[in-house]
Amino acid sequence: MNKNGLFDVGGEKNLIKVKDEANVRIVVCGVGGAGGNTISRLVEELKDSSENVKYVAVNTDIQALSNCKAMHKIQIGKELLKGKGSGDDPEMGMKAADENINDVMAALSKSDMIFFVAGFGKGTGTGALPYIVEKVKSEDPDKLVVCVITTPFYFEGRRKIKLAKQRIDELKEFADAVIVISNQKLAELYGDLNIKEGFKKSDELLSGAIKGLIKIIKCEGEMNVDFNDVKTVLKNSGSAIMGIGRAKGQNRAQEALRNAIENKLISEEISLEEATKAIIFISGKDVKVSEMGMIGNELSERLHDDPSIITGFYEVDMDEDLIEVVVYIGGFLSHNPIKKEEKIRAKSKPIELRMEIDSDGNENKSEVKEDYDEPAFKRRNGGNLDDFFGKIN
Amino acid sequence: MLDEDLICVIDLGTTEIRAIIGTYNSRLNEFEIIAYSSVRSEGIKNGEIINVEALSNCIRDCISKIEDSLDITVYSSHVVVNAKNVKYVRSSSQILFYDKEGKIVEKEITEKDVMTLMDKVKEEHFESGYVLSDVFISKYEISEGGKSDEGEEVDGNMIDSPVGMSSNGLKVDFILSFMKEREYKKIIKSMEFANIEIKGIILQPVAVSTFLLSKDDREIGTLLLNMGDSSTDFVFWQGGKMKCISNLAVGGRHFTDDILIACRLSSREEAENIKVNYVHFNFDNYNSDTFTISEEEEEEKRFVKTIVVDKAVKFRADDIFDAIENKFPCPGLKKNMNLIVLSGEASKMKDFKEFISEKFGVAVKRNLHTLKGVKLLVEGGGDVIDSKFISALGGLKYVSNRKWGEMSMRKSRRLLPLENFFKKIIFWR
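Protein chains in written order, with my numbering: chain B, 1 to 393; chain L, 1 to 429.
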């Protein structure tokens, strides 16, 4: 914090006043390798604005944990894995979390909001995180839990992609909001990145998503957005989208909003049409009422009919006429979390409705659909075709 | 060609957005296309709109190409969409004719009677969470003893239009297509953002079958099996009318994915190549052939016995057969089906035609997607329009047939709620 009581959020020049009453206790918890990397990055980037933010790293791999910059480090699966990592096995990740769940819960207690960060598709993050989130929410359902997850690159294999998707669905049963960042989309957008740069970019996005929300909660503006506003939008939201956009010039308001909501890396498989809630946080110099109105109206147009939008604003001395818009969008109609008991009931139905008319020409609503995404040779034959393979030396 | 005769159709495909402007002459079975364009599609995945903004940008780009080439502004268009989010309900409805005293009487059926019946159909059918997108007449039936205008007794199956016949009532069998309201709204918004108003929504299987099936095909009892990337449409025509329509969530992608998994490949492109070049559906005689796989990241070449892929796709084909035999809601299909027409992905796979012919014991033809009868009036020649435009062309033909077939009946009445939006398709600058 500098002598004027201002601090530099994200290492940029947008100096923002910290709320005096900003006593919301936030925990940022990275689980697994990717989660730990993000924590290190956040600790570095938000070192001046980390009051009431506690950083926790949870991992099975003792070496990765020792390199992490979090103040609180918890090794899980000490007995089971002896500090050697989960070997890409999510089952091991879950068992490791179970072994040391009391340590994890102790580190996460005394918080109003927890951000969990992880990369899905391998072992520790994928296996441990859904288990930890379930425990946290069963202990205190009122706690706001937001998960920011990356999904694997395509080159990491279909198994990992499928696994990540399954575990994200599980996570949505318990977490209030799950923000998914697709690494594959990142690869498509930044095609010329090498692998190392690709993972670095992915870490950047994870930390960016969290930074944005911390900024909203902890900074005081002319039109304030507080923790309860954030809670209104993200509580029981299921999926969520977060974006930051900046622009300058004549149409800066619209362009900044567009940049924020057209963040294709984050908006995977989600259409804004289905969103019912949003927070917009606008910062800049000499922002006009008409620009605020324009942003609100345009976002409202793009969301579901009559959305609930909370708007915040702070005057800040940014470069030239730069304007910054941070948006969090939630309440997706088709991505509402399914409670666990509902899911169990749903599983008892083997197949779902597809064709509507029976052979007598009457409507038939009991007809159902098979899971056609499962390979037919497995579904129909339990198919093992391995016997037919060979190698040419 | 008059400006008001021109029809604009946009096909919202998973891989490409395509647009055409032109006319269709039903007497000559000829299209006259004055402009067409295509752009890579974004915002649609597995047949569903997942990003309205991205899709609307593609639509705008596609239409801008046409606008620039003709120096016109397109204000509205018909849209062809896939039928993944559509359910079909078959039903029937009837009206009886009464005199002033309330007695049932025989009278000549008028266009107004048909319209009254159609309005009744639309009013009576409602599906929660769905929007009625189209009505297809499968059969007109006039009351027992009904006569043609020549005084002969008629078979309801053979009636093309009941107008002018005498009867004491009229019954109609029809299929209603209901689109998920959520998907319907996304289509509307995508077009709105692109500044194009929707004149009507046409389902892709309807458009494709309208284009591909000849008049004879539609008469004799033909099942069109149109396989897209993520789903397959089944449309059965007989007596010149669409009798049944349905959709199965299995498409070309599923065959490719099964090969990818069976051969443990990481490249979809390689799996696609195998699907087109190595797959045999008839493998009753043990096939010991092999082919090699050499993906970039593999250090050593592998060989795979052809029978591995053959078996993988055979089980996938069983999904299709199972749907036709047991799930396709079409009474009398097996009895009346005399021809199967394969199109899309289904027409690309080697010997699938022979395989399906043997399975159902009927003739099967592979539609080669020739664009016979399509005249290009594009100034300066331009690229040759290709078979990817079949859905758009089918949509144009469908709209044109409906327009002329119903023009005298409809006058100012509407068929679809959306059609009320528009007065003209395009205005010349």
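Rather than coming from a laboratory, the hints here were simulated on the basis of the structure. There could be a bad hint or two in this list.
[Claimed, not checked] Below 16 Å or equal to it, Euclidean Cα-Cα: the simulated EDC-like pairs (lysine to aspartate or glutamate) are:
| # | chain 1 | residue 1 | chain 2 | residue 2 |
| --- | --- | --- | --- | --- |
| 1 | B | Lys378 | L | Asp99 |
| 2 | B | Lys378 | L | Asp318 |
| 3 | B | Lys378 | L | Asp319 |
| 4 | L | Lys189 | B | Asp140 |
| 5 | B | Lys110 | B | Glu79 |
| 6 | L | Lys180 | B | Glu274 |
| 7 | L | Lys334 | L | Glu358 |
| 8 | L | Lys189 | B | Glu274 |
| 9 | L | Lys185 | B | Asp140 |
Please read all numbers here as calculations on a predicted model, not as lab measurements.
Verification of the hints:
1. Lys378(B) - Asp99(L): Outside the cut-off at roughly 65 Å; violated.
2. Lys378(B) - Asp318(L): Cα-Cα ~13 Å, so holds.
3. Lys378(B) - Asp319(L): holds, 12 Å
4. Lys189(L) - Asp140(B): violated, 40 Å
5. Lys110(B) - Glu79(B): Roughly 27 Å separates the two Cα atoms, so the pair is violated.
6. Lys180(L) - Glu274(B): Holds, at about 13 Å.
7. Lys334(L) - Glu358(L): Measuring from Cα to Cα gives roughly 14 Å; hence the hint holds.
8. Lys189(L) - Glu274(B): Holds: Lys189(L) and Glu274(B) sit about 12 Å apart, inside 16 Å.
9. Lys185(L) - Asp140(B): With a Cα-Cα distance of about 38 Å, the restraint between Lys185(L) and Asp140(B) is violated, given a limit of 16 Å.
Checked against the numbered hints above, the structure violates hints 1, 4, 5, 9; every other hint is satisfied.
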